[in-house]
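Asker: For reference, the chains in residue letters:
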Amino acid sequence: MLKTFSIGGIHPEENKLSAGNAIKEFHLPEDIKEVKIPVAQHIGAPAQPVVAVGDDVKVGQLLAQAGGFVSANIHSPFSGKVKKIEATTGDDGKPAMMITIAVEGDEWLETIDRSAGIKRDITLSAEEIVKKIGEMGIVGMGGARFPAQVKLAVKPGQAQALIINGVECEPYLTADHRLMLEKSEEILIGVKILMKAIGVSDAYIGIENNKKDAIDLLSKIAASYPGIHVQPLKMKYPQGGEKQLIDACIGRQVASGALPISVGAVVQNVGTAYAVYEAVQKNKPLIERVVCVTGKPLQNPSNFWARIGTPVKALIEAAGGVPEDCEKIIGGGPMMGRAFATIDVPIHKGSSGILLMNKKESKRGEIANCIRCAKCVSVCPMGLEPFLLSKVSAKSLWDMAEENHIADCIECGSCSFTCPSNRPLLDYVRLGKAKVMGIMRARAAAAKAAAEAAKAAEAPKA
Amino acid sequence: MEAVLITIAVLAVLGCVAAVILYFVSQKFKVYEDPKIGEVEEVLPGANCGGCGYAGCHAMAEALAKADDLSGLVCPVGGAPVMSQIAAILGKTVAESAPKLAVVRCGGCLDKRPKTLNYDGAKSCAIASTHFAGDTACSYGCLGLGDCVSVCQFDAIKVNPVTGIAEVDEAKCVACGACAKACPKQIIEIRYKGRVVKDQARRVWVSCVNKDKGAVAMKACKASCIGCGKCAKVCKFDAITIENNVAHIDNEKCKACGMCINECPKQAIAATFTPPAKPAPAEQKPAPAAPADAQAVQQ
Numbered sequence: 438m439l440k441t442f443s444i445g446g447i448h449p450e451e452n453k454l455s456a457g458n459a460i461k462e463f464h465l466p467e468d469i470k471e472v473k474i475p476v477a478q479h480i481g482a483p484a485q486p487v488v489a490v491g492d493d494v495k496v497g498q499l500l501a502q503a504g505g506f507v508s509a510n511i512h513s514p515f516s517g518k519v520k521k522i523e524a525t526t527g528d529d530g531k532p533a534m535m536i537t538i539a540v541e542g543d544e545w546l547e548t549i550d551r552s553a554g555i556k557r558d559i560t561l562s563a564e565e566i567v568k569k570i571g572e573m574g575i576v577g578m579g580g581a582r583f584p585a586q587v588k589l590a591v592k593p594g595q596a597q598a599l600i601i602n603g604v605e606c607e608p609y610l611t612a613d614h615r616l617m618l619e620k621s622e623e624i625l626i627g628v629k630i631l632m633k634a635i636g637v638s639d640a641y642i643g644i645e646n647n648k649k650d651a652i653d654l655l656s657k658i659a660a661s662y663p664g665i666h667v668q669p670l671k672m673k674y675p676q677g678g679e680k681q682l683i684d685a686c687i688g689r690q691v692a693s694g695a696l697p698i699s700v701g702a703v704v705q706n707v708g709t710a711y712a713v714y715e716a717v718q719k720n721k722p723l724i725e726r727v728v729c730v731t732g733k734p735l736q737n738p739s740n741f742w743a744r745i746g747t748p749v750k751a752l753i754e755a756a757g758g759v760p761e762d763c764e765k766i767i768g769g770g771p772m773m774g775r776a777f778a779t780i781d782v783p784i785h786k787g788s789s790g791i792l793l794m795n796k797k798e799s800k801r802g803e804i805a806n807c808i809r810c811a812k813c814v815s816v817c818p819m820g821l822e823p824f825l826l827s828k829v830s831a832k833s834l835w836d837m838a839e840e841n842h843i844a845d846c847i848e849c850g851s852c853s854f855t856c857p858s859n860r861p862l863l864d865y866v867r868l869g870k871a872k873v874m875g876i877m878r879a880r881a882a883a884a885k886a887a888a889e890a891a892k893a894a895e896a897p898k899a
Numbered sequence: 449m450e451a452v453l454i455t456i457a458v459l460a461v462l463g464c465v466a467a468v469i470l471y472f473v474s475q476k477f478k479v480y481e482d483p484k485i486g487e488v489e490e491v492l493p494g495a496n497c498g499g500c501g502y503a504g505c506h507a508m509a510e511a512l513a514k515a516d517d518l519s520g521l522v523c524p525v526g527g528a529p530v531m532s533q534i535a536a537i538l539g540k541t542v543a544e545s546a547p548k549l550a551v552v553r554c555g556g557c558l559d560k561r562p563k564t565l566n567y568d569g570a571k572s573c574a575i576a577s578t579h580f581a582g583d584t585a586c587s588y589g590c591l592g593l594g595d596c597v598s599v600c601q602f603d604a605i606k607v608n609p610v611t612g613i614a615e616v617d618e619a620k621c622v623a624c625g626a627c628a629k630a631c632p633k634q635i636i637e638i639r640y641k642g643r644v645v646k647d648q649a650r651r652v653w654v655s656c657v658n659k660d661k662g663a664v665a666m667k668a669c670k671a672s673c674i675g676c677g678k679c680a681k682v683c684k685f686d687a688i689t690i691e692n693n694v695a696h697i698d699n700e701k702c703k704a705c706g707m708c709i710n711e712c713p714k715q716a717i718a719a720t721f722t723p724p725a726k727p728a729p730a731e732q733k734p735a736p737a738a739p740a741d742a743q744a745v746q747q
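Those protein sequence lines, which keep their order, are chains A and L. The first sequence begins at 438 in my numbering and counts up one residue at a time. The second sequence begins at 449 in my numbering and counts up one residue at a time.
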């Protein structure tokens with residue numbers, strides 16, 4: 438009996454169309470002379486540009502510096518001249534700050550080791566590794582884009598296990614799968630580096646059972662890496678969720694509102710492990726990633742090694758172009774991804790996939806009344822009641838939403854997927870979650886300010 | 449028979465004792481409420497819309513009874529008649545306030561701002577605006593999914609299916625501001641109804657909030673304000689300011705003369721009346737007729 442997480446979950450159709458296609462190096466077509474690099478490619482504060490218009494940049498050069506504790510550096514994926522630094526249309530059609538680079542040649546920084554060989558010896562100390570990862574702008578590559586160095590900054594003894602997410606539970610996407618097959622040893626070295634950084638002796642690589650080839654290959658190589666265990670998992674969405682994966686791999690459940698470190702676990706994606714290997718061993722910043730361009734209407738579903746900033750349109754062209762019956766283009770997977778408002782946008786550090794959908798697939802069903810079947814309750818991996826939460830959100834009852842733990846929602850979309858009445862449950866829950874989180878943050882800030890004021894009032898007396 | 453009499457007697461005694469206790473308790477824990485609060489609440493419309501800024505009509509009545517003078521306290525639903533009744537009850541004078549209403553600051557009808565995307569998510573502007581900037585090229589304009597319609601308690605705002613934009617019914621709107629709060633794009637503004645000329649309230653407003661630079665805004669919508677500043681130049685009352693590439697007409701300063709309306713190259717300034725004709729550029733500028741009478745009265 439294979440392991441999996443204990444509450445809820447769904448089984449969407451797999452549709453891993455591009456699983457058998459090796460990753461192809463993507464070269465920017467000749468006719469593209471300019472690329473745009475967003476400064477907000479991660480969760481947290483946007484990075485602050487450190488280059489000026491007119492500057493020459495090389496591949497790997499720092500473009501923008503982390504703008505806060507939860508933030509990440511942005512490096513240039515191309516060489517050329519900085520042309521503009523201004524807000525242009527982002528993925529959702531809203532303005533987003535981007536650095537435009539006029540591409541000239543392909544000149545790399547000399548500090549980056551571009552040799553083909555695998556470097557196995559880890560020479561840096563734990564602190565140096567975390568610092569390096571921060572410098573190189575590594576973020577969670579699974580799609581959430583949480584700055585990696587923040588999660589790795591744990592107190593000694595706090596972490597007991599490292600969990601590596603090789604689940605790729607989103608239908609269609611094959612980026613992590615191909616990476617595990619083609620860069621297996623590098624990933625394992627990356628895992629070793631991460632283990633050293635947080636001071637643990639055990640790491641579990643969770644891989645769903647539909648990727649048997651990856652499980653076999655990694656298990657074989659992991660035999661010579663003591664402490665790294667490959668954990669085959671039963672297929673179930675959303676197993677790639679941090680809390681779900683911890684439950685599935687080591688059987689510990691993270692309490693409501695708590696972080697994974699509270700049960701001694703740190704979770705990172707396989708893509709992140711590979712990026713960490715390149716950053717620490719090869720001194721290479723995060724400037725490229727695997728992007729899976731897929732979808733039923735697409736001619737050649739493919740996996741590409743693409744530099745950050747490559748236009749989405751160019752990648753789709755390389756996979757056969759936008760077909761006529763394409764109705765929706767999504768950044769990410771079908772469950773958690775978001776539709777592009779325009780495809781004249783660049784890919785970013787979290788672009789695991791570009792998914793094209795035809796009319797039949799993308800159309801939402803007619804919304805009917807809730808029949809109280811409680812399917813949404815039984816599939817919710819966080820044990821919430823989506824029918825209730827969506828209703829209280831629609832009625833702006835934020836107190837009630839908070840009492841019912843709306844902030845625990847991981848926005849996986851299982852509820853909307855399973856609803857027989859096609860109700861837009863997640864849409865409302867997401868709205869309510871954002872409101873409630875805002876209220877909670879404001880309250881925390883007010884409490885902090887009050888505590889500080891009390892402290893300041895007390896100080897002169899003492 | 450005897451048992452019945454004893455029961456009645458016991459109950460009677462118990463009743464009397466309880467009545468005495470209750471009397472003293474009610475005296476001891478009596479909460480005094482100004483009887484005027486109740487009277488004022490009776491007069492208030494009871495819509496509990498929150499347009500006055502208080503949680504409901506009772507809270508408003510309390511505030512009115514407590515206040516030394518009634519300036520700043522206006523029931524937008526009842527308006528002047530209700531406020532004068534309240535003033536009579538409380539024996540205070542009521543501050544004169546000009547009637548207001550909600551104004552939708554978007555003029556991008558479907559023919560001026562065609563749809564570029566299909567949105568089939570939940571029918572809510574708040575949700576749609578978390579997903580993307582809008583289903584047209586303009587990321588500031590009305591989404592037309594009707595969050596304002598669902599919060600309006602007076603049936604005063606509707607999304608016109610032809611234009612795809614929310615429209616306010618002047619006769620029904622009470623300026624409670626619920627729609628302005630609900631609009632995630634913040635395009636609804638509460639403005640004066642305007643001075644009445646020949647049974648028609650005259651008001652002028654910039655019907656656009658697009659903050660993009662002129663060239664970008666122009667591409668997005670044929671009726672967008674491009675921040676050219678022509679209206680600000682022509683305004684005799686310094687009522688128009690350009691900020692973030694969009695014009696705004698100061699509600700207090702505007703005399704609704706209408707000079708700016710024809711000046712706008714994009715027809716982004718809307719009004720409830722036909723503006724005076726734009727003077728031909730070659731001719732010597734005739735003294736505009738409108739400002740003269742505009743100065744005389746406001747609202």
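The set of hints was computed from the structure by calculation and includes no laboratory data. Warning: the hint list may mix true and false statements.
If you only want the chain L side, here are some residues facing chain A, beta carbon under 7 Å, derived [what the hints assert, rightly or not]:
(1) Leu558
(2) Pro562
(3) Phe580
(4) Ser587
DEER-style ranges, computed between Cβ atoms [to be verified]:
(5) Asp647/L - Glu840/A: 44 to 54 Å
(6) Lys670/L - Gly875/A: 33 to 43 Å
(7) Lys670/L - Ala893/A: 39 to 49 Å
(8) Ala466/L - Ile804/A: 54 to 64 Å
(9) His506/L - Ile804/A: 32 to 42 Å
(10) Ser474/L - Arg801/A: 54 to 64 Å
C-beta atoms are modelled at their ideal positions from N, C-alpha and C, and glycine is treated no differently.
Asker: If I claimed the Cβ atoms of Ala466/L and Ile804/A lie 54 to 64 Å apart, would that claim hold in this structure?
Answerer: holds (57 Å)
Asker: Given the hint of 39 to 49 Å, is the C-beta distance from Lys670/L to Ala893/A inside that range or not?
Answerer: violated (56 Å)
Asker: When the nearest CB of chain A is found for Leu558/L, is that gap smaller than 7 Å?
Answerer: violated (18 Å)
Asker: Is 44 to 54 Å a correct range for the gap between the Cβ atoms of Asp647/L and Glu840/A?
Answerer: The hinted range 44 to 54 Å holds for Asp647/L and Glu840/A, with Cβ atoms some 53 Å apart.
Asker: Given a cut of 7 Å on the nearest C-beta pair, is the interface hint for Phe580/L held or broken against chain A?
Answerer: holds (4 Å)
Asker: Does the Cβ pair Lys670/L, Gly875/A satisfy 33 to 43 Å?
Answerer: holds (36 Å)
Asker: Going by Cβ atoms only, is Ser587/L closer than 7 Å to chain A?
Answerer: holds (6 Å)
Asker: Quick check: does the Cβ-Cβ distance between Ser474/L and Arg801/A fall within 54 to 64 Å?
Answerer: Between Ser474/L and Arg801/A, where Cβ atoms are some 60 Å apart, the hint holds.
Asker: Given Pro562/L was flagged as interface, is its beta-carbon under 7 Å from a beta-carbon of chain A?
Answerer: It is violated, given that the least Cβ distance between Pro562/L and chain A is near 15 Å, above 7 Å.
Asker: Do His506/L and Ile804/A keep their Cβ atoms within the hinted range of 32 to 42 Å?
Answerer: holds (37 Å)
The structure does not agree with the numbered hints 1, 2 and 7 stated previously, though it agrees with the rest.
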